[in-house]
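Enquirer: In the order they appear, the protein sequences are chains V and Y. UniProt numbering numbers the first residue of the first sequence as 1 and each following residue consecutively. UniProt numbering numbers the first residue of the second sequence as 1 and each following residue consecutively.
No lab work stands behind these hints, which were simulated from the structure alone. Idealized CB from N, CA, C, for every residue including glycine. Wrong hints could be hidden among the right ones.
[Unchecked claim] Computed footprint of chain V on chain Y; a stretch qualifies when at least three of its residues, placed anywhere within it, have a C-beta under 8 angstroms from a C-beta of chain V: (1) 191–198; (2) 276–287.
[To be verified] Taking beta-carbon pairs under 7 angstroms as the criterion, some of the chain V residues facing chain Y (in silico): (3) Ala-179; (4) Ala-183; (5) Asn-186; (6) Arg-239.
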Amino acid sequence: MNELFINWIANTPGYAAPYALAALGLILCERAGVLNLTAEGIMLVGALSGVGATLTMGGYPQLAIIIAMIMASLVSTLFATMTVLLRVNQVIAGLAMVFFCQGLTALLGNLFEWKNQPITGIGRIDVWPLSEIPVIGHIFFSQDLIVFLIIPIFYLVNRVLTRSMVGLRLRAVGESPEASDAAGINVTAYRFLTVMAGSALVGLAGAYISVASTKIWVDGVTAGRGWIALALVIFARWRPWRALLGALLFGAIESAMPRIAAAGIKVPQYFMLMLPYVVTLGVMIWVAWSKRGGATDEPGALGQPHVREERR
Amino acid sequence: MTPALDLVDIRKTFDGFVALDDAHFSAYAGEVHALLGENGAGKSSLMNVACGLYTPDAGQMLIDGAEVSLAGPSEASARGIGMVHQHFKLVKPFTVAENILLANPRRSFAKGIREISDEIRRRSDALGFNIDPTRRVGELSVAEQQRTEILKVLVGGARILILDEPTAVLTDQEAETLLTTVRGIAAQGAAIILVTHKLADVKKFADRVTVMRGGKTVATIDPSTKTTDELTELTVGASLPLPARTPGHFGRRRIEVINLRCTRADGHIALEDASFYVRAGEIYGIAGVSGNGQSELAEALMGVRTPESGLIQIEDAGEAVSAASPARMRALGAAFIPADRYSYALAGSLSITENFAVGGVGTGRYGSWAHLRQSAMKKDAEEAIGAFDVQGVRTLSQKAALLSGGNAQKLVIAREFSRSPNVIVAHSPSRGLDARATAAVHSRLMSAREAGAAVILISEDLDEALALSDRIGVMTHGRLVAEFDAPADRQQVGRAMVGHV
């Protein structure tokens, strides 16, 4: 039982990582005022690119993950062009992007025969001798590279967002594009580049799934995790550290599922899949209820295209 | 001495509408220079040119005698022009220091916040502003937000400060304090431009005043050499002979508004103790500078805004309605011409027929709830479009949004007037229309008056109100402060509008 428990906790970060990274990327976009529903699609792009690059190069999974981030970022320029430059409805553009990416990744995965090809991927790194410490060693010092990098990534992104000029401008653009415009900030450029940067993180989340977790590409390998990341953003009220906490929570649930099944306890699979959304709905209702009429943490201009108008 | 800011022969048009026509303006360092004019006189447009928001079609702009052409607001602020907009450009969830840092970027965030907070404290103390740089802007009062805006442009090193209607959102005492402070800033060598329509502020605080009317500069004078009457005349123009009109045949009181009171979402009182009546065959004009409660009055009359207290009484209704719905008001014979035709009067993407028929669907004339009699709708729409001279209709199934502004307004009037209403509420019915369409709208209102309807004409265009109304009520700060019988004296009405009854 003890062994089972340690295993469960030790596996949680691996399950939490894609949620955390994708949510962080989405938080960036949404703090800049772009409602980004593309996560599921961009994660698939990252996942396919990661496997594809590994297979093409015959290894080098770390490099493949970086390539995946770049690919995700490039594909997101399509979304950024539609929403930031052409001011298309962000919800519709986001949903269209998801279905486009689902089709595109399935098509390319088949075309290049990357489908069902197992790869070595990235593995666990044991930080010897710390990894030899009982219990703690297994949980904290025997993880893969990306998991080790998550805390630094979160620290860095959160610091940039809250303690830098770039972050100040980024948040201003998401709260009040008019005030930002008057302050001489290029709202369009900030939003466009933020979508690219945020999507790189979402792509990293997708690449993690295929290169570090499943170590194989199959169609739709992300299995709806992009939607959960989206829900996490609302759950976290657009705060990075809270999103990490939420990701750990959902990671723990997901990591527990096979173990609960193995222990012979029957919980319907669909109930577990539903759980994150139930939590999200609950949080949204709670926030709406407790802050009626008052300020919410939602970025003031979320989902609103910015048009500089000379005259009403 | 060269002026700090000199605007020469500025011209600006918007889609053929001339907002500025050879306007000129110059301000010297050390003076408070007021820019006076009615709504639409071109004050804001001219100042938007000065701060780089608008690019003029023609004309020159000189700063300290050197000609410049501004690429945008950031270039204007780099050249020392700071604008405090009437609608503040502040990020509400940010602190005062963060907002000011945003507009005056430093290389390092942490160091920038420190330096700017120190500067805010220093300047705030010197000006008596009492602003804490760590407070969130959303928690500040309107007056404090305005001080934040002023600190923002001062920290940016502005030598030419443009304040757009700074006292419009303030209480009298706050306004007094602000303008005294502003005089102090001018005394330290800045040029202050005070955009306003308040004569009292001009007489009390301005060294010079430039008056604008109809996009043109009328005069630049020392306000102390003119009386309030003379300034009013310069602002609103000479009293023109009114067009001949038939004497009214007034019947009984058709609609009576009693002590209506409305509060805006932000807690400000929009309408207070508004009371008036309109008789059959009478046009009652409501004049006033925009934003003094006219929109709220119109919405309350339409039934889309619930007044806090007060009554709207319609003759023959047998009862007073205090919180009427639009459907109830319509059933009582009221017709509406709202100010914003595309949000309240027309559905742009529906056809002309549908837009026309929607007002009569409730009567059962166009079939039951389960069935629409398309042919009846078409026939009525066709007749009304002919009768009300709606031009530019290629087919009845064309989208209403494809009509020009004037014809869209005629379509609204055709629909509303085809039911022979007892009471008509028209809010700025000629806004955005050209002279011909305006004349057509006016003649429709006059013929409704002849037919015995009671017409409430809420207009921010003084000429329109004067030309059409049998009586005029003047609204300021949500109150009806004065009432005049036709023919009303333009000067007196103008004075009442700017707060000199």
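Enquirer: Each of the hints needs a verdict: does it hold here or not?
Expert: Now the hints, each set against the structure:
no.: 1; hint: 191–198; result: violated (count 0)
no.: 2; hint: 276–287; result: violated (count 0)
no.: 3; hint: Ala-179; result: holds, 4 angstroms
no.: 4; hint: Ala-183; result: holds, 4 angstroms
no.: 5; hint: Asn-186; result: violated, 10 angstroms
no.: 6; hint: Arg-239; result: violated, 13 angstroms
Hints 1, 2, 5 and 6 from the earlier list are contradicted by this structure; the remaining hints agree with it.
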